[in-house]
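Participant: These protein sequences, in sequence, are chains A and B.
Residue numbers for the first sequence follow this note's numbering, so the first one is 4 and each next one is one higher.
Residue numbers for the second sequence follow this note's numbering, so the first one is 64 and each next one is one higher.
The set of hints was computed from the structure by calculation and includes no laboratory data.
For every residue, glycine included, the Cβ atom is placed at its ideal position computed from N, Cα and C.
Among the hints, erroneous ones may be present.
What the hints assert, rightly or not - Some chain B residues judged to face chain A by a derived CB distance under 10 Å, without partners named: (1) Ala69; (2) Thr70; (3) Ala71; (4) Asn82; (5) Ser147; (6) Arg151; (7) Val155; (8) Leu159; (9) Gly163; (10) Gly167; (11) Ile235; (12) Ile310.
Chain residues, written in single-letter form:
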Amino acid sequence: MNAGSVTLDVRDVACAFGRHQVLRRVTFSAHRGEMVGIVGENGAGKSTLLRIMAGLLHPSRGRVDIQGRLGYCPQEPQVHGGLTVAQNLEWFRAAYRLETARGVADLMDRLAFRERPDALVGALSGGTKQKLNLVLALMHDPEVLLLDEPYQGFDWETYLRFWGIAEEFRSAGRVIVVISHLFFDRTRFDTLLRLHDGVLTREGGA
Amino acid sequence: MTSQLATAFRLSLVELRNNRFAILLLALYLPAWYGIIYSLTDQASIGFKLRAFDVFVATSQHRLGLLTGMLNATTLIMGFVALSAVRRAALVDQRLVLCGFSRGALIFGRFAAFALASALVALYAVLVLWAFTPPQHPGVVLAGTFGAVLTYAAIGILVGVVTRGDLEGFFIIIMLSLVDTFLQNPIGNPAANRKVVEYFPSYLPMQIVAGGALGDYVAWWQFWGSLAWAAAVGVLGLVGFWRRTQIARRH
Chain A
4 MNAGSVTLDV RDVACAFGRH QVLRRVTFSA HRGEMVGIVG ENGAGKSTLL
54 RIMAGLLHPS RGRVDIQGRL GYCPQEPQVH GGLTVAQNLE WFRAAYRLET
104 ARGVADLMDR LAFRERPDAL VGALSGGTKQ KLNLVLALMH DPEVLLLDEP
154 YQGFDWETYL RFWGIAEEFR SAGRVIVVIS HLFFDRTRFD TLLRLHDGVL
204 TREGGA
Chain B
64 MTSQLATAFR LSLVELRNNR FAILLLALYL PAWYGIIYSL TDQASIGFKL
114 RAFDVFVATS QHRLGLLTGM LNATTLIMGF VALSAVRRAA LVDQRLVLCG
164 FSRGALIFGR FAAFALASAL VALYAVLVLW AFTPPQHPGV VLAGTFGAVL
214 TYAAIGILVG VVTRGDLEGF FIIIMLSLVD TFLQNPIGNP AANRKVVEYF
264 PSYLPMQIVA GGALGDYVAW WQFWGSLAWA AAVGVLGLVG FWRRTQIARR
314 H
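Please work from the sequences and hints to get the whole structure.
Facilitator: Here it is, written out as structure tokens:
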């Protein structure tokens, strides 16, 4: 790998809420085609780190550089419950300025999303909302994917389907960062990092 | 930007339309509320002061009760609709901005949808009122009702962006609408003609509605004044909305 292939660079990032130091000088980078896992117990600062990487939060210090389009999948499904599946996709198609929805149907199919486009999202099950949450993060074919507990609520089959899609993104040279409090299969990652008390350490890769 | 604005406007309107509880309130509660007021009041005469003309208008308790009841119900419903819409969409709106949606298009699309919804609610409320008591100047009554509903849409937005929980927000809207419309009603409050009510959000709309429904007293400056009330609260709501959809970094 060379420096030119670095797509995600997190440098010296710290974050504090009042006197509570959530992140302490977090530094790591990821290259094209790299799958990074960040594990940590509840309250370790994982979601805060992801929100800073995504650009939702300002760090107290440090910086984040991302080359290319970003796909961000928040832990809780951030979808419009009062709209249908199709209308939710329409909001995000407009946000990403996508001319067509090509690829979206395929993505939904691969995640076994079987609800009708006119189904009201507020009435969907938690797992189905999470599928939509994920589709909204992937539908514009981003170069960098930041996924916060992306398979929360998935059944085993959908969990495996998710990894199939993630592997394809990796093969296409995308950077994928998955954050979770627990990984069933650590061999899926090229790099595994642990966040403990706001400090990021390397656990080694597969 | 233009196509994003059109999308934001259309989908925001659909979101408001999909608020089934609000639709139910409009369809059932509003006529039922008119009916209750009508059955609890009588033809006894009561005076209402129109300050713009410095006159007391004498009318029946039926009619005045229905007018204040209409403003009370519509302001409550629209305040609730706006608050609920703003709170439900809070996190998604920020995500949309992160994904590239123009903040200006998102906010103006949403605000335009609230304005159109306010006009439709006002129109519906005046049409149902007509079945109980035909207003003398329906257009004037519609304008006054629109001013009140729009003001409470703006209040709903503002409360939605500043309160932490849904319950606190709903409580504020209910109390505000109750105090605002109840204290102006001489049937329930003998001190309704005191000067202090002039500062209430629905004071000007109430004056327009009463003047247009009960007589030939029409002062259009009051309509513009009620829109100014709505705009002033709306600007505060807009600032809150702007801050809430802020992101640290765009990609």
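Participant: Is the hint on Thr70 of chain B kept, meaning its closest Cβ partner in chain A is under 10 Å away?
Facilitator: Holds, because the Cβ-Cβ distance from Thr70 of chain B to chain A comes to roughly 4 Å (cut-off 10 Å).
Participant: When the nearest CB of chain A is found for Asn82 of chain B, is that gap smaller than 10 Å?
Facilitator: This hint holds: Asn82 of chain B lies near chain A, its Cβ roughly 7 Å from the closest one there, short of 10 Å.
Participant: Does Gly163 of chain B hold up as a contact with chain A if the rule is Cβ-Cβ below 10 Å?
Facilitator: holds, 5 Å
Participant: Hey, does the Ile235 of chain B contact hint survive, CB to chain A under 10 Å?
Facilitator: violated, 22 Å
Participant: Can the hint on Arg151 of chain B be confirmed by a CB-to-CB distance to chain A that is less than 10 Å?
Facilitator: holds, 6 Å
Participant: Leu159 of chain B was flagged as interface toward chain A. Is the shortest Cβ-Cβ separation under 10 Å?
Facilitator: holds, 5 Å
Participant: Holds or violated: is the Cβ of Ala69 of chain B closer than 10 Å to a Cβ in chain A?
Facilitator: Constraint on Ala69 of chain B satisfied, holds at 9 Å.
Participant: With a cut-off of 10 Å, does the beta carbon of Ala71 of chain B approach a beta carbon of chain A closely enough for the hint to hold?
Facilitator: holds, 8 Å
Participant: Have a go at the Gly167 of chain B hint: is there a Cβ in chain A nearer than 10 Å to its own Cβ?
Facilitator: With a closest approach of 13 Å, the Gly167 of chain B hint is violated.
Participant: Tell me if the interface restraint on Ser147 of chain B is satisfied: Cβ within less than 10 Å of some Cβ in chain A.
Facilitator: holds, 9 Å
Participant: Please verify that hint: Val155 of chain B, Cβ, nearest Cβ of chain A, below 10 Å or not.
Facilitator: holds, 5 Å
Participant: Would you check whether Ile310 of chain B satisfies its interface hint, that is, whether its CB is within less than 10 Å of any CB in chain A?
Facilitator: Status holds, d = 5 Å.
Of the numbered hints stated above, those contradicted by the structure are hints 10 and 11, listed in ascending order.
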